[in-house]
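Student: Starting from the known structure of chain U, fit chains R and G onto it as the hints suggest.
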Amino acid sequence: MTRYIIRRILQGIPLVFLVSLVLFIMMQNMGDPLATMGGRSVTRKEDRARLSRQLGLDQPVLVQYFYWLVGNDFVKIDIDGDGTPETYGTRKGVLRGDFGTSLVAREPAMEVILSRLPNTLILMLTSEFVVIFGALLIGVYSALKQYSLLDNIVTTFSFVGYSMPIFFLALSLMYIFAVNFKRWGLPYLPTVGMYDPQVGDTPAQVLIHMVLPVVTIAVNSFSAYSRYIRSTMLEALGQDYIRTARAKGLPKREIVFIHALKNASLPIVTIVGLDLPFLLGGALVTERIFAWPGMGRLFIDHVSRGDTPVVMGIMVLIAISVVVFQILTDIVYAWLDPRIRYS
Amino acid sequence: MTQPPPPIASLNLDELATPPLSLAKMAWLRFRRHKMALVGMVILAFLVLYCIGGALIYSEKYANFNETSIHLQPPSLAHPFGTDTIGRDILARTIYGGQISLMIGLTAVLLELTIGIVVGALSGYFGGWLDNLLMRFTEAILIIPQIFLLLVMAKFFAGDIPDISFLGREFSGSVVVIVVIIGLTSWPYLARIVRAEFLSIKENEFILAARAIGTPTSEIIFLHILPNSIAPIVVSATLGIANAITLEAYISFLGLGVRPPTATWGNMLEGAYNYIESAYWMWLFPGLLILLIVLAINFIGDGLRDALDPRSRTV
Amino acid sequence: METHKLIEVKDLETQFHTPEGIVYAVNGISFFVHEGETLAVVGESGCGKSVTMLSFLRLIPTPPGEIVSGQALYREKDLLRISEDEMEHIRGKEIAMIFQDPMTSLNPVLTIGRQITEPLHTHLGLNKAEARDRAIKLLLDVGIPDAARRLNDYPHQFSGGMRQRVMIAMALACAPSLLIADEPTTALDVTIQAQIIELVAHIRQHMNMAVIWITHDLGVVAGMADRVMVMYAGFVVEEAHVEELYDNPRHPYTHALLSALPRVDRRRDSRLKSIPGAPPNLLVKPHGCPFAPRCEHTIERCGNENPPLQKVAPEHFAACWVDVRTGAPK
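Residue numbers (this note's numbering), protein chains in the order written: chain U, 1 to 343; chain R, 1 to 315; chain G, 1 to 330.
This is chain U alone, in the form it adopts within the complex (with noise of 0.2 Å):
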């Protein structure tokens, strides 16, 4: 296991690497970066040159990756733009955690993104809660009661939330549960932010700031699941050793929660496994719209104005939780499936 474990790390490696390359290479036809970073003042000529050459950007494309990944702090850059190089870069490179400093921001881009990152897991984690325990329920209720009005509206709820686009659900989430609420004198729930600046940072307020947009992150998953779990369940429902577990007499409650259950579920580790960092990308358009300030907003903002060393931070980032959560999803299979063993 050990032994597969780190297999597994080392394929994974290289995958990180290409797919990084590739990306820098695409951000670098992001719009000018100057631009992003001063303004209007950094108009001079020999301003922008000066610029340039202290950022890196006036390297070949590889050679910029290349100090990306592993610091300029061992060469001398010519600053001065005399063609001398005379001063030791500064940079570290991402292999010694430095991501470079933000060009929007001005700071340490792994601190920018940092910043963010708890508002995002904190949608993510609720959210993936709420799916995992809402769709057990529901799709373990939907097998046991096949064919009945609830598994019937259940079924069809679950196709129309899976279709339902994010955007189109979180709009129409706000117009009913903030605009009509508030127009008809109901409770209403709020749509912008995390909390509302007046009353401050309290956790009241951010479970309430919370409500919609979890909601919006949780549909699709919840009805791929339900869906799913509805028919992993029938299946093991259906299965032999089902029938010699009720032929040896056994309460149904056992049968149903040990039995088919632990079999049924043995799936969906997967799909949950593989899922939860993609569910990142349910939560750009949601953070977008809600205004969270996470990392998909984060991510939106930045990448439209070409702010490489936060996107690639961004990217590296969800590509590595992509591939731990890929290994840790195997081991939790195998720690399940007795059936399992990686050699």
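Hint data in this document are derived by calculation from the structure and do not stem from the laboratory. Given the structure is predicted, the values throughout are model-derived calculations rather than measurements. Treat the hints loosely; a few may be bogus.
Residues from chain U that face chain R, not an exhaustive set, calculated with beta carbons under 8 Å [as the list claims (entries may be wrong)]: (1) Leu-15; (2) Val-19; (3) Phe-159; (4) Phe-167; (5) Phe-168; (6) Met-174; (7) Ile-176; (8) Phe-177; (9) Pro-277; (10) Leu-280; (11) Val-285; (12) Ile-289; (13) Val-322; (14) Phe-325.
Where is the CB? At the ideal position from N, CA and C, for every residue including glycine.
Tutor: Just chains R and G now, kept in the frame of chain U:
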């Protein structure tokens, strides 16, 4: 000489209560019983009719015609879906936007199919280092959530793209960009499905037999294996259309998609959330149409999945 | 041997509602088993043997299955009328069942220790240590060496034959009075088959347990059964003591099954006889004798009336309009 022995069991077609049906017929019978899939077909037919038939009533010029004096008007007889921020008729724009959205969905899936099938087939059929290389590449793409990739690529290709004219109509070149980037990022799942199919089918005896009589490799791949793996490809292509339409909408919604004046259901929503309170018609109609088409296609895809499932041979 | 009836099934009818129509799986069959007796139920696959047994244990999935009518009296209780709670106390405790495919009949993600001790906890209320001790003893009884250690193993770590032994140990856990064995050897190698048959025969004597042995192989039956019941298309077509049935089969179907058996006392060049045609389509309720289309003794009446099960000799019943010995109508 003795008489030849009688057959061990004789079985003629009359004795079978139901004669064997062709696969396609059986699939259609099963599909027909899938009520949701039929509902999906009806919705889809309606939407296609809406986009094509609607164009006979409203001209494209009218859809792009702006008249700021009548901007942000709520639905009325003259403008059943209201007007947008610069006074364009939303109903007319949903008609032409729908055409573009549908076209983006279809062409992006064509691109996805081409890459996905080629990569999957090569990988699954030849195996070895080629498989290894292609699958690592596939994994590399899957490592970043698609929407992030799309945004970076959309920005990357977002330079000055000339308008293009096609079938006598002018389109923003960004339509092509969107199609290409969706196609380029959507194929990995399909490639994996095709690869898995190829891996299992190529072990069959009929493939061995074909190889033994010297059938050329390309013929084995395209005439023997591919037709046998068509079911999962059809299903994922169908669902792929819904996915492509949604993705276009996401990118356009986030402002990096198809540029006006060319309308799509997605870019009609761009910035609409600023009017959440004052002009619900700005986002309701295009949003509803996207939901309907995605729902319809997902229903059909689900029906196809059941109907084409080779494991169930009962009608 | 006691002659007390342990279970008596009367006029059992089970149907399945499928998209193609109603499948008439079991069409009003009656039979009984004495305490400690072994009844073999023989017939081709799909003739309703298993469905019959699953019906009175109420293990038929409903829907699509439906038990249309009938009674199943087990020690004065009608199993088809009692509550599901009561039924749970009978299944596994009084009547146990083992199935055809030991590969799929054990839960792959639970240790066999857990699977064997479950009924001990549920029915006998044993605590953890007691259940474990009993499970070890059971495994040793069915011939699994190193039982204590193997309790922590999972089904996939056992061979097919060993898994079937585990199934048997599980079925015997609460010392049931009736064991239903649904073709327990079909999925196994021939040498293992003999071992399993031997094992069940041995245990049965040891525990004075009644056994219903379902099989499609008349050859298996000879050595172990007391009585044999032959089924065709959801009907009982013949029933007799085992020697009587072998020596004096009175239904053309039984006759044909026996001629299809390879026998050492037959000439080497004689051909094994097969039964022409295919088993009947259970979607159509036959209005004559269901076997008539494949029968070599058919008379006009066979196509119009389904023969009832009639006494043809003491404790020997057959459902046929023709006397197979002469070929003449009765």
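Student: Determine for every hint whether it applies to the structure shown.
Tutor: Evaluation of the provided hints:
{"no.": "1", "hint": "Leu-15", "in the structure": "holds, 5 Å"}
{"no.": "2", "hint": "Val-19", "in the structure": "holds, 5 Å"}
{"no.": "3", "hint": "Phe-159", "in the structure": "holds, 6 Å"}
{"no.": "4", "hint": "Phe-167", "in the structure": "holds, 5 Å"}
{"no.": "5", "hint": "Phe-168", "in the structure": "holds, 4 Å"}
{"no.": "6", "hint": "Met-174", "in the structure": "holds, 5 Å"}
{"no.": "7", "hint": "Ile-176", "in the structure": "violated, 10 Å"}
{"no.": "8", "hint": "Phe-177", "in the structure": "violated, 11 Å"}
{"no.": "9", "hint": "Pro-277", "in the structure": "holds, 7 Å"}
{"no.": "10", "hint": "Leu-280", "in the structure": "holds, 6 Å"}
{"no.": "11", "hint": "Val-285", "in the structure": "holds, 6 Å"}
{"no.": "12", "hint": "Ile-289", "in the structure": "holds, 6 Å"}
{"no.": "13", "hint": "Val-322", "in the structure": "holds, 5 Å"}
{"no.": "14", "hint": "Phe-325", "in the structure": "violated, 11 Å"}
Violated hints, listed in ascending order, are 7, 8, 14; each of the other numbered hints is respected by the structure.
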